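**Q** Read off the chains here:
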Amino acid sequence: MYLYPKWIRIWHVINALVFLILIVTGLSMQYTDKENATYVVGFAKAVRMHNFAALILVINYIFFVCGNFLSKNGSYYRISRKNFMPDLIRQYKFYSSGMFKGEKHPFPVTEERKFNPLQKITYVLALYVAVPLLIISGIGLLLPEITITTIFGISGLILTDILHITMGFFLSIFMIIHIYTCTLGHKPTSLFRGIITGYHVSEDE
Amino acid sequence: MKLFMFRISILLALISLFSFSSSGSPRFDTVSDTLKDTMKETVKATVVFVSPFAAANDRCFKCHGQDKYTYTNETIGREIKDIMCSERIIRKKEFYSSNHKSFGCTDCHSEEYTKFPHAGTLRMEQKYICLDCHGGDAKFAKYHFEEIDSEYRKSTHFKMENDGFSCWKCHNPHTYKISVRNATNLKETIEYDNSICLNCHSDYSRFQLLSDKAEIDLIKEHDWLPNQASHFANVRCIECHTKINNNIPVSHQIRPKAEAVRLCNECHSQNSILMASLYKFESKVQRRDGFFNGIILNASYVIGANRNEYLNLISLGIFLVVLIIIGVHIVFRIRNKSKTIKEK
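Residue numbers (the working numbering), protein chains in the order written: chain A, 3 to 207; chain B, 46 to 389.
Honestly, the hints are just simulated from the structure, not real lab data.
As the structure is a computational prediction, the values presented were derived from the model and not from experiment.
Think of the CB as a built atom: it goes at the ideal place given N, C-alpha and C, for glycine as much as any other residue.
Please note: incorrect hints may appear among the correct ones.
If you want a taste of the chain A side facing chain B, the calculated C-beta under 10 Å gives, among others [claimed, not checked]: (1) Lys36; (2) Ala48; (3) Tyr97; (4) Met101; (5) Leu143; (6) Phe172.
In silico SDA-like pairs for lysine to any residue, Cα to Cα no more than 25 Å straight-line [unchecked claim]: (7) A:Lys106 - B:Val376; (8) B:Lys387 - A:Ser204; (9) B:Lys265 - A:Glu147; (10) B:Lys382 - A:Phe21; (11) A:Lys189 - B:Gly372; (12) A:Lys95 - B:Cys178; (13) B:Lys384 - A:Lys47; (14) A:Lys36 - B:Tyr355; (15) B:Lys214 - B:Leu167; (16) A:Lys47 - B:His286; (17) B:Lys302 - A:Thr40; (18) B:Lys387 - A:Pro190; (19) B:Lys204 - B:Cys178; (20) B:Lys387 - A:Glu147.
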């Protein structure tokens with residue numbers, strides 16, 4: 003089943019590469035010390051690479067949001083209130099026990115439903131909440147002169163930075179889980195193949 | 046649910062947008078500190094210093110306190126208006142807010158100056174240096190002026206001593222005031238201290254009085270520095286251009302250009318040198334639980350230096366839990382697979 007159009011695949015691969023660069027350079031800035039100054043990429047290089055990768059991320063994100071508005075891809079992210087929690091629990095139970103008992107996938111992938119409920123909520127939180135917050139707080143850190151003052155007695159820069167690193171951390175965790183759950187397809191590699199070729203292979207095919 | 050998610054995201058977006066503004070300084074005080082600072086400022090503003098030598102000093106300020114002065118030329122018998130040499134102008138207001146405000150002019154300068162016209166021989170008067178008063182005095186022992194002097198002698202500035210460089214080039218005895226030690230507004234202190242360097246280093250006409258080097262474009266020279274404007278506003282030149290000496294209040298050993306700090310991690314790290322320089326006087330007061338080098342947060346935020354140990358621990362914990370869950374899941378998948386194969 004052809005599920006991932008070319009623009010989605012291009013966006014996805016750029017996003018993945020840029021995110022990896024941002025994670026590595028972000029960690030380099032936050033955790034290198036005098037003793038390990040060149041650890042990973044080193045602070046000075048990390049700043050330049052982080053800024054450049056962030057710029058690409060923002061452009062790529064705008065491309066993604068516009069693509070979702072203009073194509074039917076956006077509809078895959080719409081969360082229905084109907085059966086929201088029961089569906090989430092069903093999906094969770096499948097991952098935690100059902101799949102080991104040979105149960106069928108409760109929400110098989112179709113052309114109308116690309117994501118299962120757990121995927122959908124995670125993607126919405128990551129792409130429509132965490133990434134915008136990451137970008138806004140990133141701009142605040144890139145241009146500290148426009149950020150700031152105190153917010154309820156706390157420095158705006160600290161809050162902006164904490165927001166940035168927290169979102170960065172959660173998105174890094176998301177990335178780890180995302181990569182792992184991508185091994186849960188028909189075969190461990192089939193979902194990876196899908197995002198490269200555009201064709202999703204399900205158990206029934 | 047959609048509405049709930051929408052509300053949450055709007056709230057979070059508002060919080061982050063709320064931190065964007067252009068005014069004010071990012072202080073991070075406790076209530077009592079703020080109150081203390083306000084009281085200090087109020088006292089400063091209401092108490093005007095009155096010098097015991099005000100009347101005598103005024104005789105000097107009459108001419109030396111302004112750009113133009115008037116005197117009666119008895120030889121030609123008329124009043125003459127003349128321009129005061131810029132090096133000889135001492136602004137009264139600046140003098141009375143300086144460290145040496147309690148002195149009379151003739152405490153340091155010859156009594157002969159009280160006569161006008163001043164005798165030509167007075168030009169040969171040997172000027173005091175800092176150590177003449179501050180050296181070998183128990184009252185000033187805690188500031189280690191002798192060590193400051195020995196650091197200055199190792200400094201790149203000392204090489205120009207024969208060309209006219211002296212303590213006074215940076216610490217004008219008529220206007221200099223202690224800044225960082227008594228700082229209530231660190232941003233202003235940084236600006237004041239940097240202006241001392243820029244006085245010569247961004248004014249070629251003054252710079253070339255002591256050096257034959259070509260004019261230096263400071264902005265271009267610091268091109269490599271990311272967020273240059275932010276660095277210039279938030280740290281002093283001496284943070285990178287001096288060698289730290291923990292025995293003296295402020296480092297005085299200006300290093301040659303090639304030895305200046307260029308490694309970002311000197312400041313952007315857990316053991317940031319800023320704690321031994323800019324934040325030296327406050328670093329004993331480690332406010333802000335959980336933040337490394339928390340005192341920096343009072344006036345600024347330094348990536349890499351202000352890590353939060355609680356966030357570090359929480360994130361490490363979450364990371365490990367995720368890895369364990371994935372690991373357990375993998376084990377179950379492997380077991381399940383081998384079971385399925387056996388059954389077949």
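**Q** If a hint holds in the structure, say so; if it does not, say that too.
**A** How the hints compare with the structure:
Because the beta carbon of A:Lys36 sits about 5 Å from the nearest beta carbon in chain B, less than 10 Å, this interface hint is met. With a least beta-carbon distance of about 9 Å to chain B, the hint placing A:Ala48 at the interface is held under the 10 Å criterion. Checking A:Tyr97 against chain B by beta carbon gives a least distance of about 8 Å; that is within 10 Å, so the hint holds. Given the 10 Å rule on beta carbons, the hint for A:Met101 holds: about 8 Å separates it from the nearest Cβ of chain B.
The criterion of a C-beta within 10 Å of any C-beta in chain B is met by A:Leu143, whose closest approach is roughly 8 Å, and the hint holds. At about 9 Å, the closest approach between the beta carbon of A:Phe172 and any beta carbon in chain B falls short of 10 Å, and the interface hint on this residue holds. With a C-alpha separation of about 20 Å, the suggested pairing of A:Lys106 with B:Val376 holds against the 25 Å cut-off. Proximity of B:Lys387 to A:Ser204 is assessed by CA-CA distance (about 24 Å); at most 25 Å being required, the pair is judged to hold.
Between B:Lys265 and A:Glu147 the CA atoms are separated by roughly 20 Å; this keeps the pair inside 25 Å, and the hint holds. A hinted pair counts as satisfied when its Cα atoms are at most 25 Å apart, and B:Lys382 with A:Phe21 does not qualify at roughly 33 Å. For the given pair, A:Lys189 sits about 18 Å from B:Gly372 by alpha-carbon distance, which is consistent with the 25 Å threshold. A threshold of 25 Å between alpha carbons decides the hint, and for A:Lys95 with B:Cys178 the separation of about 82 Å lies outside it, so the pair is violated.
Between B:Lys384 and A:Lys47, the direct Cα distance comes to roughly 50 Å. Violation of the 25 Å bound is thereby established for this hinted pair. The suggested pairing of A:Lys36 with B:Tyr355 holds, with an alpha-carbon distance near 22 Å, which does not exceed 25 Å. The straight-line distance between the Cα atoms of B:Lys214 and B:Leu167 is roughly 21 Å, inside the 25 Å bound, and the hint therefore holds. Our distance criterion of 25 Å between C-alpha atoms is met by A:Lys47 and B:His286, whose separation comes to about 22 Å.
A C-alpha spacing of about 22 Å is found between B:Lys302 and A:Thr40, which places the hinted pair at or below 25 Å, so the restraint holds. Of the pairs offered as hints, the one joining B:Lys387 and A:Pro190 holds, with about 20 Å between alpha carbons and a cut-off of 25 Å not exceeded. Between B:Lys204 and B:Cys178 the alpha-carbon distance is near 23 Å, which keeps this suggested pair within the 25 Å criterion. Simply put, B:Lys387 and A:Glu147 have alpha-carbon atoms about 65 Å apart, too far for the 25 Å limit, and the pair is violated.
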